[in-house]
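Enquirer: Sequence:
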Amino acid sequence: MRRNAWLVLVCLGSSVCIMAWLAESIAQAAEAGDVPHLLNEVHQIPVVGVPGAIIPFGPHAFPLIVGQIDEINVLPVVAASRLNTGRIVAFSHDGYFTDKPGGDLKRLLLNAVEWAGGGRTNKPGARHVLVYQSSVLKLLQASAHHVTSVDASNWRQHLAQSDVFCIDTTFDNKPELVDAVRQFVHAGGGLVTAGTGWGWAQLNPGKRLTDDYLGNRLLMSAGLVVSERYLSGVEGRFEVHRPPPRLAGAWEALEYLRNLPPETKNLNKGDAAQACQILQETAKAVPLHDTILWPELRKLVQNLRPVPMPSKPISADHPVVRVAVAVEDAELLQLPPEKITAHPSAAGFPFAVPADAKQVTVNRSINTTIPAWHSLGLYAAPGTVITITTPKEAVGAKLAVQIGCHTDRLWNLPTWERWPNLCRRADISHAATRIASPFGGLVYVDVPENCKLGTIHVNIAGAVEAPLYVLDETDVAHWNSHIRHLPGPWAELACPGVIVTVPSRAIRDLNDPMSLMEFWNKAVSLEDSLAMYKPGERKRPERFVADQQIAAGYMHSGYPIMCGHDMYDYNVSITKLRGTASKPGGWGHWHELGHNHQSADWTPHGTGEVTVNLFTMYVINQFYGVPLERTNPDHLPREQRLPAIQKYLASKRNSENWEPFEGLILYFQLVDAFGWEPLKHVFEEYRKLGPNDHPKSDAQKWNQWMINYSRAVNKNLGPFCVKWKTPVTKPALDAIEKLPSWMHIDFKAIENQH
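For the sequence shown, this note's numbering assigns the number 1 to the initial residue and increments by one for each residue that follows.
Hints in this document: simulated from the structure, not taken from any laboratory.
Don't take each hint at face value.
[Said to hold, decoys possible] Pairwise CB distance ranges (calculated):
no. : residue 1 : residue 2 : range
1   : 452       : 554       : 38 to 48 angstroms
2   : 239       : 600       : 25 to 35 angstroms
3   : 729       : 552       : 31 to 41 angstroms
4   : 581       : 650       : 28 to 38 angstroms
5   : 310       : 431       : 37 to 47 angstroms
6   : 552       : 722       : 34 to 44 angstroms
No residue lacks a Cβ here, since even glycine has one placed at the ideal position from N, Cα and C.
Produce the complete structure using the sequences and hints provided.
Expert: See below:
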């Protein structure tokens, strides 16, 4: 995906026009024939990269093709709008501008250009279709359009003589082009554009699509907005609905929720969820100064101030209440620090600060050679402004201050046990940075990769102290007498490999943090050693954060690794983490940590939840001393393993769709037969691959794995891989045919049973 994003449009009509728009619905937005014209002969388009989402929220904007957020909800992947006499079609990924379109994408691109140009673009006397540095040029040239390719040096001279401007994502931060396009569309020109909002957001941390994304500041006046969402299709394609789903536009969703009856017993949960979802996304994506939809959103939720709590969650049965949360969240995000007050939900999570907790002013050293979050042992109380003062060389160096570690956003979940969006960030762009959070949280300085500042000293004022233990730095006696009793409601325990974040109540009686963090550090070091990290290669510690509610699964990987509130005490107990020989503990922890060590090179489709457990097995086997087959007593012992193999071999499943613990048996058998060292050697070989040596397809991944492993153990693993129904190919099998053939003894045991 290219770095830059949307270009584009618009001019806001008069207030009289806007008031007239408010009476219309999405169904009325498109003039007769617009949607049929744009979707003529279009039945499906491919999923290109990871497309984002475009929300039509103005009365003259309308969805064309939708993608899935989840099993129930959709958002548009392609949308369009009329603006005065101009027309716009927007695609949600710049990869849709291609000269080699799949599916019906070619037809859709041509339809978009013809519609945006008012049907003039391929007729005698047509003016130019301008294409700015895009591969869609060849497609249009081959389709009888009068196409002109332009670049930064000559686009302006051609614009006034053109019917349509096709722009991909190369114009961010070029306001001179935006102004010209605004006038062009307002005067009746057509615009076809493409860009990926979530990609821009990832490449611009600390910035907001609503305010900083140049394209959005323009698109929104026409009732279109690019959101941070990304969408999925079905089997690599987006199917076309005729007409598009009625609640895929914000105005229809608004009307639907306005007309809901007070009782919810007959609620159509699918429609309610969809309407709620798109209005939540709209509230997050559209700035508060919008005069099209925001006034109507505020009317919808007036007099509501929801307070999601662990004891009183907000469910999908109350869609208007959930929209009220999204509306309030958007408003809170744009308040200056001085106007932020404590939110009542903070008392439920992430907890209140004791009333007698004293605010402090402290100095901290930050080693900027270590990227990501730096723990400070400080907590910002809800609604309290803290000030961080930095040296002048740190200003504008892409550092940020962050309040809160609970980064999971819960908007997609059917029930909210806490506020869905807890964390707050501010770029360090001035010598003194002020920040506040309605919910409170631990305070961090976030350091970018490859920072060259060395060690800097910062001053933080207004926070309260929170427990922080650092292995080999914190005196245990001081921990026991003072640090663990500090008032901050969340505590952290750190070692070079990992930082563990739990409520402070979980560590008030922790007498031996040194042994605990030595345990954690050893586990992380073992996973690093299996992945064949070189000494000093680990750039930063991993993080485990316990939360009241997380966005997906029981635990999930990432930075930080997230786990539920039932892990509060577990994470600070060696006894619970270790478990027993018959029932080892920590499987989920070492599993999620394993995900952070996985490589796509040796993880073909179907093995994402399989190869990860090599790391889990390694920690439990090598650190705990548990026999290999007892590392997972529910699946790996012989009495469970052999029936599972038989069931798999008799089924139609293969390595693309096997069950995770079926697939794990293959990898278990390799380690069982040859030990861990050959696996380490194989991983090391992958780390030595040159830029052009990495496998691309699943067959290539399996072939390379089989060949590398066969050479590492000096055995022909071809029959074994074929037995397991992996997609190895004949050339790969031929490459190892001279090695002695090998098969795990499990298969002989199965044969003997018959």
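Enquirer: Quick one: are residue 452 and residue 554 within 38 to 48 angstroms, going by C-beta?
Expert: holds (40 angstroms)
Enquirer: Does the Cβ pair residue 581, residue 650 satisfy 28 to 38 angstroms?
Expert: holds (33 angstroms)
Enquirer: Could you say whether the range 31 to 41 angstroms given as a hint is met by the Cβ separation of residue 729 and residue 552?
Expert: holds (35 angstroms)
Enquirer: Is the distance from the Cβ of residue 310 to the Cβ of residue 431 consistent with 37 to 47 angstroms?
Expert: holds (40 angstroms)
Enquirer: The hint says 25 to 35 angstroms between residue 239 and residue 600; measuring C-beta to C-beta, is that right?
Expert: Holds, since residue 239 and residue 600 (Cβ atoms, about 28 angstroms apart) stay within the stated range.
Enquirer: Holds or violated: the 34 to 44 angstroms window for the beta-carbon distance between residue 552 and residue 722?
Expert: The hinted range 34 to 44 angstroms holds for residue 552 and residue 722, with Cβ atoms some 35 angstroms apart.
When each numbered hint is compared with the structure, no violation occurs for any of them.
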